[in-house]
Amino acid sequence: MKARRLSAPTLLLLPAVIVLAAVVVVPLILSFYSSFTPFRLTRPETFFTFIGLRNYQRILSDWNFWVAFGRTVLLLTVALNLEMLLGLGLALLVEKATRGQRVLRTIMMFPMMFSPILVGFQFKFMFNDNIGLVNNALQSLGLTERAIPWLIDGKLAFAAISIAEIWSSTSIFAILILAGLLAMPKEPVEAARVDGCTPWQTFRYVTLPFVMPFAYIAMTIRSLDVARAYDIVKIMTDGGPAGRTELLWTLIARTAYSDARMGQANAMAYFSILLSIVFTVYFFRKLAAARTQIGAEW
Amino acid sequence: MATVSLKKLTKRYGTMEIVHGIDLDVGDREFIALVGPSGCGKSTTLRMIAGLEEISGGTIEIGERVVNDLPPRSRNISMVFQSYALYPHMTVRENLGFSLKIAGVAKEETDRRVAEASAILGLDALLERRPSQLSGGQRQRVAMGRAIVRDPDVFLFDEPLSNLDAKLRTQMRTEIKKLHAKVKSTVIYVTHDQVEAMTLADRIVIMREGYIEQVGTPDEVFKRPATRFVAGFIGSPPMNLHEATVADGRLVFSGGGSLPLPGRFKATVSAGDKVVFGLRPDDLYPVGHGLQSGDAADVHELELPVTVTEPLGNETLVFSEFDGRDWVSRMLNPKPLKAGDRVAMSFDLSQAHLFSAETGKSLRT
Ligand SMILES: Nc1ncnc2c1ncn2[C@@H]1O[C@H](COP(=O)(O)OP(=O)(O)OP(=O)(O)O)[C@@H](O)[C@H]1O
Ligand SMILES: [Mg+2]
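Protein chains in written order, with the working numbering: chain A, 1 to 298; chain B, 1001 to 1365.
To be clear, the hints were calculated from the coordinates, so they are not data collected in a lab. In this text the structure is predicted, and so the values were computed from the model without any measurement. For every residue, glycine included, the Cβ atom is placed at its ideal position computed from N, Cα and C. Accuracy of the hints is not assured; some may be wrong.
Chain B regions said to be covered by chain A (calculated; three or more residues, Cβ under 8 Å) [said to hold, decoys possible]:
id	stretch
1	1075 to 1083
2	1095 to 1105
Below 27 Å or equal to it, Euclidean Cα-Cα: the simulated DSS-like pairs (lysine-lysine) are [to be verified]:
id	chain 1	residue 1	chain 2	residue 2
3	A	Lys186	B	Lys1101
4	B	Lys1167	B	Lys1177
5	B	Lys1184	A	Lys286
6	B	Lys1223	B	Lys1178
7	B	Lys1101	B	Lys1167
8	A	Lys286	A	Lys186
Go ahead and model the full structure; you've got the sequences and the hints to work with.
Have a look at this one:
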């Protein structure tokens, strides 16, 4: 009897399939499965107890989870919108520069070159209430008497985290929007000027619709980024004090590693992936609409 | 509607001067064509009139008002760009109505004027489409429509037909002519196609390297070119232009061949003068195959060998050799000819031009 042999294409693809399965598919399935178990890292045997949707029920009725969820959505909204506005402004300024544009473009990208961990440490230092740069400056200028508890008050800490996020990622928007501005044909702008537009109207009705698709690309990329925002928050406040800056991922990490409740953490993680998907789909929709609008060929 | 007047208009980029102090007066409702070879400064001049390009010197007046420092939106002009420059994110209807919307014109009035323009240009079926869904010719018509809804003082066109194929170009040329008859406004039309200029314009301005060579009606620039450059630029196929020296009442060409000095120039040139002799292909033809325009005494005949023929159906362009060069002639009621045939050619010298070899200026008085 002839032994069955695999065809050449199958054989050639096999290593890639095996590697992918080992590093992506298997962990994915295992983690998804574990979200239906009371799995605790300290008690491995719990991995085999199936409890159905109980983890999901528990987190969905947990107020703390919803607060973290809401705060994450808020951070996404605030950070993305401000980043877009600032990025747009930066891009417009850089595009206006007649000299040294290359240097400016490079400088603009500096924040992207730092690890988020470093950014976190830097801002943690700057916002420190005793030795921080910000309080020092405010006090020297006589703007405040007392030290402001930047990283301790919940609202201020949220603002501080947003500022760090925005500082580190505005350049993504700026670069993409600048690319849009540079790719933009000059004639419609000139036509608008002849058609009677003030500079503001030209921007509002001609330039902005043209660069919006580029902003949406940046939004899509960033929405994934912020939705998994962990590093900066971890360093700056670690979700504290007392959970006042808890975001989804700090909560999940705490549940998984400090409390060792891996099953429940995985349930949270799978639920929050929904959030990312919703944001991404939303921006893709916007992008597609904006693209057809400007009749883009790409 | 308004006049446009350029006085000593100059444009410099850095130290490089591109337009050298040109003067031009465009009458109310006049159709002016700016022609010239690529890079001669036509677009630059037009863009200065539009206000899209800063003026380095001189003044521009539109309707007796100096507009040097006015932004484009305050000049009440419309411009049609070579690349159409439609707003890609707006439908045809929105493109047409955009300038009115900006000007704060009421909705009903906007709709009425858009409908009017769309009817004139046959855009009714396309109003809801976006520019990316239109063909080149359709985009061209939208660009034109966008210009006319504004009812501006002056229309500026920058080579609006150069992206179209030959057939569509001819068709749109006629459309523009009709349009001008209908909307009756001042038009400044840039083109490098002299046929477009000849067919459309009331007057033609021929530019060269930032200077104006001649301003005149199509008939004037064709029949009485002021310079050798204009003579060579206007007319298709171009005028035969060859250098010669005056001697003994004859024009002697460099190869030794000669022609009688046309009577009209006897008083203006003297022996030893270096000149450029010019004769249009229409005034050089195989005997009996042309239209003699002047006195028969001025027609000079020579037998010449044919080098190339280009049949065009109703006529044939015949290239024949005289004094070692090709001379192009137009044969009406063509008969078959082939290279190498010897043909008797008529030189209608009453229509000949002479230019100074040194300055290029016409020697006609
Ligand atoms: N921004 C600029 N900087 C320097 N030189 C320029 C600039 N814009 C145009 N020029 C020069 O000015 C001259 C006139 O340009 P212009 O565009 O007016 O030519 P044109 O007559 O419209 O030619 P075409 O028929 O090719 O459109 C050209 O030699 C061009 O190189
Ligand atoms: Mg041009």
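Verification of the supplied hints:
1. 1075 to 1083: Our answer is that it holds, as 5 residues pass the Cβ test (under 8 Å) against chain A, meeting three.
2. 1095 to 1105: holds (count 4)
3. Lys186/A to Lys1101/B: holds, 21 Å
4. Lys1167/B to Lys1177/B: Holds, at about 16 Å.
5. Lys1184/B to Lys286/A: violated, 45 Å
6. Lys1223/B to Lys1178/B: Holds, because 26 Å separates the two Cα atoms, which is no more than 27 Å.
7. Lys1101/B to Lys1167/B: Judged against 27 Å, a Cα distance of about 35 Å means the pair is violated.
8. Lys286/A to Lys186/A: holds, 25 Å
Comparing the model with each earlier hint shows violations of hints 5 and 7; every other hint is respected.
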